[in-house]
Amino acid sequence: EPEVTQTPSHQVTQMGQEVILRCVPISNHLYFYWYRQILGQKVEFLVSFYNNEISEKSEIFDDQFSVERPDGSNFTLKIRSTKLEDSAMYFCASSVRVGSTDTQYFGPGTRLTVL
Amino acid sequence: GENVEQHPSTLSVQEGDSAVIKCTYSDSASNYFPWYKQELGKGPQLIIDIRSNVGEKKDQRIAVTLNKTAKHFSLHITETQPEDSAVYFCAASRSSGSARQLTFGSGTQLTVLP
Chain A
17 EPEVTQTPSH
27 QVTQMGQEVI
37 LRCVPISNHL
47 YFYWYRQILG
57 QKVEFLVSFY
67 NNEISEKSEI
77 FDDQFSVERP
87 DGSNFTLKIR
97 STKLEDSAMY
107 FCASSVRVGS
117 TDTQYFGPGT
127 RLTVL
Chain B
50 GENVEQHPST
60 LSVQEGDSAV
70 IKCTYSDSAS
80 NYFPWYKQEL
90 GKGPQLIIDI
100 RSNVGEKKDQ
110 RIAVTLNKTA
120 KHFSLHITET
130 QPEDSAVYFC
140 AASRSSGSAR
150 QLTFGSGTQL
160 TVLP
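Residue numbers (my numbering), protein chains in the order written: chain A, 17 to 131; chain B, 50 to 163.
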């Protein structure tokens, strides 16, 4: 069964450094998402992406964040200058819109630790 | 924006008993309500979803009910098994032209005791 994959599983970085989190969505999916989950808190929406542009973004997704689909398979989230409060689990998700079917399938996540 | 409240935060049941998790939402325009199961170290996995044009949906031991008037929806798991132990999240969203933004509840840690 196809699945969303994410790399790395765990990323440790120093405050102020740039990080890139990578995702490979399910191959025939057209909509891509990033969510994050701070330890012990809710899963929060960051951004959605469709047709090579951002569809929606939350207040969390400020100028320090960017997303890109550099090729036909990868979807990346970049944090330019990490802060301590960026430490969280980051989940990528993808969906395909077929009629009213748009189930989002989540990857296993990348745990980001900012020191 | 949408706000989703989920209760209880923890739930312990004996194997074979039923478990019920409840969620309320605030945005009357929300029309899609998925439930996700998250096991330790894994991403959320969809277990069932319901759209606002139906009031109930069932898939084997799992069922979801939706009350649009009261803006609440519930997950029912019958004949619970130890492998049902996990964190369960409800979510809500509405169509926004293209992609959907899911708003999640705070999660319920379900423990099924053998």
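Some hints could be false.
Under the rule of at most 20 Å between Cα atoms (straight-line distance), these lysine to any residue pairs were calculated in the SDA-like manner [to be verified]: (1) B:K86 to A:K99; (2) A:K94 to A:H26; (3) A:K58 to A:V112; (4) A:K94 to A:G32; (5) B:K120 to B:E64; (6) A:K58 to B:K107; (7) B:K71 to B:D133; (8) B:K86 to B:T73; (9) B:K91 to A:K99; (10) A:K73 to A:Q27; (11) B:K71 to B:P163; (12) A:K99 to A:H45; (13) B:K91 to A:G88; (14) B:K120 to B:S75; (15) B:K91 to A:K73; (16) A:K73 to B:K86; (17) B:K91 to B:R143; (18) A:K73 to B:K71; (19) B:K106 to A:E19; (20) B:K86 to A:V35; (21) A:K58 to B:Y81; (22) B:K91 to A:E19; (23) A:K58 to B:K106; (24) B:K71 to A:Q57; (25) A:K99 to A:D118; (26) B:K91 to A:Q27; (27) B:K86 to A:D118; (28) A:K58 to B:E54; (29) B:K107 to A:T119; (30) A:K73 to B:L60.
Hints listed in this document are in silico derivations from the structure and should not be mistaken for laboratory results.
Comparing the hints with the structure gives:
no., hint, result
1, B:K86 to A:K99, "violated (29 Å)"
2, A:K94 to A:H26, "holds (15 Å)"
3, A:K58 to A:V112, "violated (24 Å)"
4, A:K94 to A:G32, "holds (13 Å)"
5, B:K120 to B:E64, "violated (30 Å)"
6, A:K58 to B:K107, "violated (26 Å)"
7, B:K71 to B:D133, "holds (17 Å)"
8, B:K86 to B:T73, "holds (18 Å)"
9, B:K91 to A:K99, "violated (24 Å)"
10, A:K73 to A:Q27, "violated (23 Å)"
11, B:K71 to B:P163, "violated (24 Å)"
12, A:K99 to A:H45, "violated (32 Å)"
13, B:K91 to A:G88, "violated (25 Å)"
14, B:K120 to B:S75, "holds (7 Å)"
15, B:K91 to A:K73, "violated (24 Å)"
16, A:K73 to B:K86, "violated (24 Å)"
17, B:K91 to B:R143, "violated (26 Å)"
18, A:K73 to B:K71, "violated (28 Å)"
19, B:K106 to A:E19, "violated (25 Å)"
20, B:K86 to A:V35, "violated (28 Å)"
21, A:K58 to B:Y81, "holds (18 Å)"
22, B:K91 to A:E19, "holds (12 Å)"
23, A:K58 to B:K106, "violated (25 Å)"
24, B:K71 to A:Q57, "holds (18 Å)"
25, A:K99 to A:D118, "violated (33 Å)"
26, B:K91 to A:Q27, "holds (16 Å)"
27, B:K86 to A:D118, "holds (18 Å)"
28, A:K58 to B:E54, "holds (10 Å)"
29, B:K107 to A:T119, "holds (17 Å)"
30, A:K73 to B:L60, "violated (33 Å)"
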